[in-house]
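Engineer: Listed below are the residues making up each chain.
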Amino acid sequence: MSFSGWNEVINMGGYGFFVWLSFGVTLAALAALMIHGLITRRSLQQQSKLQQQRQQRLARRKQQERSR
Amino acid sequence: MNRASTWALVKILMRRDLKVALRRRSDIVNPLLFVIMVVSLFPLAVGPGPDVLGRIAAGVIWVTALLAALLGSERLFRDDYLDGSLEQMTLLPVPLPVLALAKIFVHWLLSGLPLVILTPLTALLLKLPVEGWSTLLLTLLLGTPVLSALTAIGAALTVSLGRGGALLSLLLLPLFIPLLIFAAAAVEGALVGAPVVGQVVLLAGLMVLTLTLAPLAVAGAIRVSVN
Amino acid sequence: MWRWLHPYAKGEATYRLLGRWLPWLTGSAVLTLAVGLIWGLLYAPPDYQQGDSYRIIYIHVPAAIFSMGTYTAMAIAALIALVWQIRTAEWAIAAIAPVGAVLTFIALFTGAVWGKPMWGTWWEWDARLTSELILLFLYLGVIALYHAFSDSRTGAKAAGILALVGVVNVPIIHYSVYWWNSLHQGATITKFEKPSMATSMLIPLLICLLGFALMTAAFVCQRLRNEILRQELHRSWVQQELDQ
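Chains as they are written, first to last, in our numbering: chain A, 1 to 68; chain B, 1 to 227; chain C, 1 to 244.
No wet-lab data here; the hints were simulated from the structure.
Watch out, some of these pointers could steer you wrong.
Claimed, not checked - Not everything, but these chain C residues come out facing chain B in the computed CB check (under 7 Å):
(1) Ile-134
(2) Leu-138
(3) Thr-154
(4) Lys-157
(5) Ala-158
(6) Asn-169
(7) Ile-172
(8) Ile-173
(9) Ser-176
(10) Tyr-178
(11) Trp-180
In this text, all values refer to a predicted model and were calculated from it rather than measured experimentally.
Each residue gets a CB set at the ideal place from its N, CA and C atoms; glycine is no exception.
Just chain A, with the same shape it has in the complex (with noise of 0.2 Å):
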């Protein structure tokens, strides 16, 4: 290790702010993006059910009509 503690790692040589900046941005950029596919594929799971939901409600519709 290039360090001799934690206090150095965090303090950087005097750049800690510029280098944790960066690094902490990157992270949360990343983060974003993940959770923003995993939200889009939580919606698509709530459209499936409503689709598929909807149809049921036709079939059923449809069923009563022809039985009456």
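Fit chains B and C to the supplied structure of chain A, relying on the hints for placement.
Structural biologist: For chains B and C alone, kept in the frame of chain A given last:
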């Protein structure tokens, strides 16, 4: 379809486009008024001293030219799309890129050329030193066809959207950047007495490249849009 | 090769294939990035000129390289979509563009943050930063155009044409910006001009490059899977898939 009849068709199309455009003169005049007004805003904003104005003149004129190109760009294919003649054009026995090139040429005739003619006035308003005038004219003459061609690509892509205006500027402005850089650098070079042949040749190359490839892209975009 | 590729022109087969790849890509990306970044942050020696601030390179350079790499990939997908009319390639445009935009943003942001201690300013009209900024505009244009159409097929094709126009323009923009930058000699950036990197710094950088490549692939995989589901939402296999 032989070559003579292709040319005849293209000529008919261009005459029609010109006629339609000349019936609505405000579409041609308004962008020019816009250019003059924007140009006259700059002395009010940065002060009328010739040292500042003369230095930024070429850049300002070029940026206003880019903005003016965006201004009317939405209309380029809109009317033809709405009345169905754009779809007819894709069915003509003439290659679509050729028609696209004709469209680009007419657009340049109506928007680019007036801008070039207007240059002495704008250069005067912005106190551009006389050494830069001929170079500025030359860059505009070489650059405005590129503007028309790139504008045509964007307009063809967004023609089927109801409101393409803001999107169109987002698509087109990044593509304008090389043009702006080379043109502004040429005039700047001319002002300090440096040879400008290099930049002018680069601009000419850019024009040839754009006019070769852009009609293909426009044709592809029209096919996508009328589909 | 075409016979092998053909089934992947269909949504479901591609979806399953990507599903098999995704865990491996994600796992190896996380692992490689962890090794590369920890090595770069903690174990690589400080630079003799820039001290520890140079450690930003371990995210800045990979992000910058792959922001351009993904644009090329997107343009290739666009070409395939327009020439062979393969729908998976159309969806790939939509999957790749946001990933590329985020990578470009990271490259820009870290470049600016690195510029502050080195050049003394957050933003320098440096050729590399400027062309990266224009690349971000191009990505945003492609994304905006893709989503502007109510018919996703038209949107994909229009965005594809724009991506191809852009890829012709990218080298022109790149060289014009470099040339413009050398014309306007701005702040001295000699601090960046240094001899080739020492091996002890280079190895973690290479690991980070590999990690970013894997990560980019994983993100594209995830988004392409989502796009396939969105486009084929009415198919029964999608409904079964999403019910689980």
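Engineer: Could you run down the list of hints and mark each one as holding or not?
Structural biologist: Against the structure, the hints come out as follows:
1. Annotation: interface hint on C/Ile-134 holds; nearest CB of chain B at approximately 5 Å, less than 7 Å.
2. At its closest, the beta carbon of C/Leu-138 sits 5 Å from a beta carbon of chain B; the interface hint therefore holds under the 7 Å criterion.
3. Checking C/Thr-154 against chain B by beta carbon gives a least distance of about 6 Å; that is within 7 Å, so the hint holds.
4. Residue-level restraint check for C/Lys-157 holds (minimum Cβ-Cβ distance to chain B is 4 Å; threshold 7 Å).
5. Using the Cβ-Cβ criterion of 7 Å, the hint placing C/Ala-158 at the interface with chain B is satisfied: the shortest such distance is roughly 5 Å.
6. About 5 Å separates the beta-carbon of C/Asn-169 from the nearest beta-carbon of chain B, less than 7 Å, and the hint is met.
7. The criterion of a C-beta within 7 Å of any C-beta in chain B is met by C/Ile-172, whose closest approach is roughly 5 Å, and the hint holds.
8. Because the closest C-beta pair between C/Ile-173 and chain B is about 6 Å apart, less than 7 Å, the hint holds.
9. Residue-level restraint check for C/Ser-176 holds (minimum Cβ-Cβ distance to chain B is 4 Å; threshold 7 Å).
10. Evaluation of the C/Tyr-178 hint against chain B yields a violated restraint, the C-beta minimum of about 10 Å exceeding 7 Å.
11. A distance limit of 7 Å between C-beta atoms decides the matter here; for C/Trp-180 the minimum to chain B is near 5 Å, and the interface restraint holds.
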